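Asks: Chain by chain, the residues run as shown.
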Amino acid sequence: MWEYTGKVLDHFRNPRNVGLLENPDGIGEVGSLACGDALKLTFKLGPDGRIADVKFQTFGCASAIASSSALTEMVKGKTLDEAAKITNQDIAEFLGGLPEQKMHCSVMGREALEAAIDNYRGGQGGKRVLAGKVVCNCFGVTEEEILRVVRENQLSTVEQVTHYTKAGGGCGKCKGDIQALLTRVAAEQLAAEQAAHARSPARKMTNLERIRLIEETLERNVRPALRQDGGDIQLVDVEGPRVRVALRGMCAGCQVSEFTLRDVVQSKLREFVNEDIVVEEAP
Amino acid sequence: MSRVIYLDNNATTMAAPEVVEAMRPFWNERYGNPSSMHAFGGQVHRDVESARARVAELIGADPGEIVFTSCGSESDNMAIRGAVEAFGRRVNVITSRVEHPAVLGPCQELAEHGVTVQHIPVDAAGQLDLVRLGEALREGPAVVSVMWVNNETGVIFPMDEIAAMVHAAGGLLHTDAVQAAGKIMIDLQRVPVDLLSLSGHKLHAPKGVGVLYIRRGTRIKPLLLGGHQEENRRAGTENVPYIVGLGRACELARAHLDDLPRLAAMRDRLEQGLLATCPDSSVNGDRHRRVATTLNISFEYIEGEAILYSLSDVGICASSGSACSSGSLEPSHVLRAMGVPFTAVHGSIRFSLSRYTTDEEIDYTLAALPPIVKRLRAMSPFVPK
Ligand code: FES
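Here the protein sequences come in this chain order: A and B.
Our numbering numbers the first residue of the first sequence as 30 and each following residue consecutively.
Our numbering numbers the first residue of the second sequence as -11 and each following residue consecutively.
It is worth saying that the hints were derived from the structure and are not from the lab.
All values derive from a computational prediction rather than experimental measurement.
Be aware that a few hints might be false.
Claimed, not checked - Covered, in the sense of this in silico footprint (three residues per stretch, anywhere, with C-beta under 8 Å from a C-beta of chain B), are these stretches of chain A:
no. : segment
1   : 35 to 44
2   : 54 to 64
3   : 190 to 198
Said to hold, decoys possible - If the Cβ cut is set under 7 Å, some of the chain A residues that face chain B in the computed set are:
no. : residue
4   : Val47
5   : Lys84
6   : Gln86
7   : Thr87
8   : Gly89
9   : Cys90
Ideal Cβ placement from N, Cα and C applies to all residues, glycine included.
With the hints as constraints, model all of the structure from the sequences given.
Replies: Right under this line is the structure:
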């Protein structure tokens, strides 16, 4: 059994606002029978432009039903602009948390809300149209969706992306593409941080900050690639420009370890931390 | 929860009170090592051998052909890997699309190491495609591993026919009989499989003990090396209390084979009642060749985990082939191999009975489930108007 919070179980057992509104102002539909969960959301606006009534229908597990029910409670009385700001994390938090493997239920809630608001604003059919490149064919998840969920939830592993979007949970063929997207987001974030650093050049990095930045760079830009091959890297010591690392698992003693070190680790550290870094392998 | 109605006996069973009683002296009274050279241990050795004889009797084997293991999964791993290794890996592996993960796992590992592995499909009723099996057997010597009874649907494969085909082609046959023991007559004199796996906790013995039957003369490489236990086929000091418990459980299972018609009647009553009270429901699996204790039924437009949680709220334990309840994102590989539509797979529920199931429990379930189905359907966007 899943570890559901009392609030999840309550919203599953006594879901609020079940049904479909007649002549709704907005309608949003996401998911499908094949995927194992689906949500249809309808709302009506009051004269003050706030959501006056909202109802849902859900096909899915206990946490999908609870997430939908929670969502309806959250949006009532909100303007559409306010409602549009609700993230999947807000839904999960409202329920006192969801098991990580079930986070996709909260994402489905947010997507249905968006589709319903879009429908009101643009008068589209209310069915979510797949925008952009589809990364995961098994579950019909696009690049855009994955990037968004990764950014909003600060995800760092393919497994997490699967928990949040289902992408990668079927045949698994798309896992490499998901990893590439993760690496892209990590690089963007690091670049943004460095830009922020560059904007305050007056102060030199303290040793501690420097070590932290090295750690971060290894985590984001080096480790994921090594882990794919079953390896790992550990920071052993930092002495001025000399950075000592140890390779673990499949990478240790591997034929290309020399190449891995010089080519990947050093170039990444030079790029993100400092031009003069020299990487050495700890014995 | 005051009362538990346990209809999940294909997942695990209660240890029978007689089994617990039989095990009791073996913790701190008769705790000797069966391999020891003193009478204290020698007596325990005789207890283990008498348990072995009882297991053998349940399946029509010779006691010397019974090897005790730690669980059904170990038995499956040992059978498949051990047999393939004994062939020096120069052999094909043939299995089915509906096997238990304990069989699919080792097969996949062998495939990754270059062994050719074929997965024979099943038809819509879950029956093995014997024509395809025959074709696969013509491609060279093979270790075949197909289950006797399916854990999700209860469907029985025609093991006598399969054994004849495999042996005519010079192959070796392993069967995972974990769900068959105690639920159908197994007579290995009549149905000549070479290797057969059993699990204690599926037949009212405790969890943590299993059996691999190895037909005399069958070459198989052991998985565990070390001491000379189990005639050098599986090293490790015998799990004496559990082995004794398993022996007693097999003896009881044999005596209770007569209960099967009564269980089938109860299962059928559950099946007919649910089909009558829940529209858009359907049974999965071959209803004519199925064990007495399993019912796999699908409720359209709703999802299995939601049904299970609702059942659990009223004290009923069952399981589901839906994605959410399997702990992965993919629903049951068994039902999908049968071509059951997604709508029905996601809403599939398995009830599995045991000889402890009562008529009152069936009545209670028959009363409790229809309102749950109705409530969840009222929430579903897919119910046609
Ligand atoms: S394409 Fe993503 S899991 Fe199959």
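Asks: Against each hint, give a clear statement of whether it holds in the structure.
Replies: Hint check:
no.: 1; hint: 35 to 44; in the structure: holds (count 4)
no.: 2; hint: 54 to 64; in the structure: holds (count 3)
no.: 3; hint: 190 to 198; in the structure: holds (count 3)
no.: 4; hint: Val47; in the structure: 5 Å, holds
no.: 5; hint: Lys84; in the structure: 10 Å, violated
no.: 6; hint: Gln86; in the structure: 4 Å, holds
no.: 7; hint: Thr87; in the structure: 6 Å, holds
no.: 8; hint: Gly89; in the structure: 5 Å, holds
no.: 9; hint: Cys90; in the structure: 4 Å, holds
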